[in-house]
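Based on the sequences and whatever the hints tell you, model everything.
Next come the chains, spelled out residue by residue.
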Amino acid sequence: MDKLKLIIKREFLAKVKNKSFIVMTVLSPLMVVALFSLIIFLNEKNAEEIRTIAFVDESQQFADAFEDSDGVKYINLTSLGIVEAREKTKEFYYGLLVIPKSDSLSELSNNITFFSNDTPSLTVLSSVESKLENKIRNLKIAQLQIDVDKIKSIETKVTIDAENFSGEKSSKIGSVLRMFAGGGFGYLIFMFIIIYGTSVMRSVIEEKTSRIIEVIISSVKPFQLMMGKIIGNAMAGILQFIIWMVIGGILLFAITLYFGVGDVSSSSAQMAPEMVQQMQNSGNNDLQLVLLEIKNLPILTMFFSFIIYFLGGYLIYSSIYAAIGAAVDSETDTQQFMMPVLMPLVIAIYVGFSVIENPHGPIALAFSLFPLTSPIVMLMRIPFGVPWWQLITSIFLLIITFIGMVWFAAKIYRVGILMYGKKPSYKEIYKWLKY
Amino acid sequence: MNNVLRVENVCKNYGSFTALNNVSISVPKGSIFGLLGPNGAGKTSLIRIINQITLPDSGTVYLDDEILQPHHIQHIGYLPEERGLYKSMKVGEQALYLAQLKGMSKDEAKKKLKYWFEKFEITHWWDKKIQELSKGMAQKVQFIVTVMHSPKLLIFDEPFSGFDPINANLIKDEILNLRNEGASIIFSTHRMESVEEMCDYIALINKSNKILDGKLKDIKQQFKTNQFEVGLLSANKEMLLNQINEQFSVENSKTTSFNDDLRLLFSLKNGETSKDLIEFLNNKAQITHFTEVIPSVNDIFLKSVASNS
Numbered sequence: 319m320d321k322l323k324l325i326i327k328r329e330f331l332a333k334v335k336n337k338s339f340i341v342m343t344v345l346s347p348l349m350v351v352a353l354f355s356l357i358i359f360l361n362e363k364n365a366e367e368i369r370t371i372a373f374v375d376e377s378q379q380f381a382d383a384f385e386d387s388d389g390v391k392y393i394n395l396t397s398l399g400i401v402e403a404r405e406k407t408k409e410f411y412y413g414l415l416v417i418p419k420s421d422s423l424s425e426l427s428n429n430i431t432f433f434s435n436d437t438p439s440l441t442v443l444s445s446v447e448s449k450l451e452n453k454i455r456n457l458k459i460a461q462l463q464i465d466v467d468k469i470k471s472i473e474t475k476v477t478i479d480a481e482n483f484s485g486e487k488s489s490k491i492g493s494v495l496r497m498f499a500g501g502g503f504g505y506l507i508f509m510f511i512i513i514y515g516t517s518v519m520r521s522v523i524e525e526k527t528s529r530i531i532e533v534i535i536s537s538v539k540p541f542q543l544m545m546g547k548i549i550g551n552a553m554a555g556i557l558q559f560i561i562w563m564v565i566g567g568i569l570l571f572a573i574t575l576y577f578g579v580g581d582v583s584s585s586s587a588q589m590a591p592e593m594v595q596q597m598q599n600s601g602n603n604d605l606q607l608v609l610l611e612i613k614n615l616p617i618l619t620m621f622f623s624f625i626i627y628f629l630g631g632y633l634i635y636s637s638i639y640a641a642i643g644a645a646v647d648s649e650t651d652t653q654q655f656m657m658p659v660l661m662p663l664v665i666a667i668y669v670g671f672s673v674i675e676n677p678h679g680p681i682a683l684a685f686s687l688f689p690l691t692s693p694i695v696m697l698m699r700i701p702f703g704v705p706w707w708q709l710i711t712s713i714f715l716l717i718i719t720f721i722g723m724v725w726f727a728a729k730i731y732r733v734g735i736l737m738y739g740k741k742p743s744y745k746e747i748y749k750w751l752k753y
Numbered sequence: 009m010n011n012v013l014r015v016e017n018v019c020k021n022y023g024s025f026t027a028l029n030n031v032s033i034s035v036p037k038g039s040i041f042g043l044l045g046p047n048g049a050g051k052t053s054l055i056r057i058i059n060q061i062t063l064p065d066s067g068t069v070y071l072d073d074e075i076l077q078p079h080h081i082q083h084i085g086y087l088p089e090e091r092g093l094y095k096s097m098k099v100g101e102q103a104l105y106l107a108q109l110k111g112m113s114k115d116e117a118k119k120k121l122k123y124w125f126e127k128f129e130i131t132h133w134w135d136k137k138i139q140e141l142s143k144g145m146a147q148k149v150q151f152i153v154t155v156m157h158s159p160k161l162l163i164f165d166e167p168f169s170g171f172d173p174i175n176a177n178l179i180k181d182e183i184l185n186l187r188n189e190g191a192s193i194i195f196s197t198h199r200m201e202s203v204e205e206m207c208d209y210i211a212l213i214n215k216s217n218k219i220l221d222g223k224l225k226d227i228k229q230q231f232k233t234n235q236f237e238v239g240l241l242s243a244n245k246e247m248l249l250n251q252i253n254e255q256f257s258v259e260n261s262k263t264t265s266f267n268d269d270l271r272l273l274f275s276l277k278n279g280e281t282s283k284d285l286i287e288f289l290n291n292k293a294q295i296t297h298f299t300e301v302i303p304s305v306n307d308i309f310l311k312s313v314a315s316n317s
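The listed protein sequences correspond, in order, to chains A and B.
Residues in the first sequence are numbered from 319 upward in steps of one, following my numbering.
Residues in the second sequence are numbered from 9 upward in steps of one, following my numbering.
Honestly, the hints are just simulated from the structure, not real lab data.
Heads up, some of the hints might be wrong.
[As the list claims (entries may be wrong)] Label-pair restraints from in silico Cβ distances:
id : chain 1 : residue 1 : chain 2 : residue 2 : range
1  : B       : D65       : A       : M349      : 52 to 58 Å
2  : A       : S743      : B       : D65       : 21 to 27 Å
3  : A       : I340      : B       : K37       : 48 to 54 Å
4  : B       : E189      : A       : I556      : 44 to 50 Å
[Claimed, not checked] Below, a list of computed lysine to any residue pairs in the SDA-like style, where the Cα atoms sit at most 25 Å apart:
id : chain 1 : residue 1 : chain 2 : residue 2
5  : A       : K321      : B       : L63
6  : B       : K136      : A       : I534
7  : A       : K327      : B       : H79
8  : A       : K729      : B       : G48
9  : B       : K114      : A       : I549
10 : B       : K143      : A       : S648
11 : B       : K137      : A       : F339
12 : A       : K321      : B       : S158
13 : B       : K180      : B       : K225
14 : A       : K335      : B       : G100
15 : B       : K120      : A       : L331
16 : B       : K118      : A       : L331
17 : B       : K98       : A       : T527
18 : B       : K137      : A       : M342
19 : A       : K752      : B       : N30
20 : B       : K98       : A       : I340
21 : A       : K752      : B       : N29
22 : B       : K232      : B       : G222
23 : A       : K327      : B       : Q102
24 : A       : K327      : B       : K95
25 : A       : K335      : B       : K136
26 : B       : K98       : A       : T516
[Claimed, not checked] Sample of chain A residues lacking proximity to chain B, with all beta carbon distances greater than 10 Å (derived):
id : residue
27 : L426
28 : N456
29 : V476
30 : L557
Positions of the beta carbon are idealized from the N, C-alpha and C atoms, including for glycine.
Following this line, the structure appears as structure tokens:
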């Protein structure tokens, strides 16, 4: 037991004292935050820029349609005529909108043109379009002699108040938040399993190539060495996770305060654009709602299941990685064994992102029970609430698998670490199991 | 008992390959025991079993008359042929770690390491990383790591590889020192001259079987072919040779002589003694050289392996 502790300590320190670990640990949250603030900064900069759009209204009906908004100013050049207006716009303005003369409003709506030096920004175009649509609609209403006020009175906006049977409110913001939390945690586990699994493998290969392995296993059992390595690396991983959470939390908090953007609950880098928009739209107005939703997340369950699934998933995969490391002589030889290991992880991520759309479907259930994918998929499901029996079954399967996997890997490891200069085949490794 | 280690009827198979077939050896206390054999004979398999790196399929190993158990690890020091250290770890840190894995306390290990580092005059290496040291320097550290926990049984597999002659000599002296202080040593090497020089006992393994073992002296005795090398000065060499050929079976010796004497190799038949030979020769010529031909370990090795195959 003492020896296991010694090995864990050494492996932990070897990992933590490594320069790349320190750099990764400190720089990653800084980089995420820097990226995030850059996006916000650029957004704000963009918003500050004022574009002037000139228009020539030959139909004489649209002069009052354009109110300045969203950093876009409008200027009426109808009096100059098209040719001169074009020249002027080329020189001074962002673009020129030409509304031709037409008898029919329907015909007119298809003949409006926008000239500009560069390809116009989509947001500007759509804002112009919606202004035109509004105006044309109003004109049509007037033509048909319908009372505008009556039309307005039939316009309705629906907001659904979703509530589950135990009375907790759930909202769209809540769902988005859950997608973030689930996706982020699942992705984090994926990253950690790969990074730390590979690190275990490297460490095994290093012991083989530096030939210290035989010196060490004349003092300790191979199983102790393998477990010490796996546990030591796991501890380094957890330390890194905690440091990231703390640094990231502090920095994100500072940034959000500084920019006055609503609450940002996840440092996850892969945000779908519409999510961001949704977040920002709602975040600005409904800061309190977001905070409430965060409070509503099953945070305790998420925290403990992150630890359990990280450890379970990591133990399964890192023992496979350790066995691969033991079987080969150098990292270049690992390729043929890596594919089958990475496969379930990658599948889990793909499935996971569809799972957050439909967290309680049959696919979600199946993959969150299957132990090779459950650490990722289940983690993504948990924020949406998972029945206890599923959670317990999944953890039970995970533990059974990891015990089996460690046993299996230890057998390969034991033989593999003493084999030099052979590039093993699957058949060879199968034979080792029987030694 | 007088044997620090007894290996009894050990067998080890890897799949269909037999690495050791019913091998038994006994290593007497305070001796240097040479474990010899061609490449792939099974030496390393045997050494790994003694170190409990692998378990034998059958057979028993006793250390000090106790069946080998995990706690015996601290009484064994092993310098494997395939050896190395963590390249990016500091010398001192690493030595402490390995000492603690052998069951020493940290303080004890520090004291011992200080002693050895001073002895080898390498105290200033303590904070260096292994990758900053030359191969020979790293080997010195490796040697210290092997012996620092004062084991009763030391196993050296090719201990001199990587050393220059000066350092090889230093290590050799240390090994002899350790033996004199009471440690028993298993010594596996292909350098026959160091076996000749250092070993008290040897065992020869070939193709998974032990084909020879015992006290080196006895084995040499056993391999003696009753041959004598003689140098003779005589005025008439031809006549002398004729006379000798009538009485003895003789051939020219391979050693060249510095004075102009006749160097001959006599193979005595059963019943003939060196005394008879000297009396015979003394009457006929001046004897400048007379020595019994003792087979070298190298000869014994080659002869045994050849006759075994």
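Next item on the list: Kindly indicate which numbered hints from before are broken by the structure, ordering the numbers from low to high.
Entry: none
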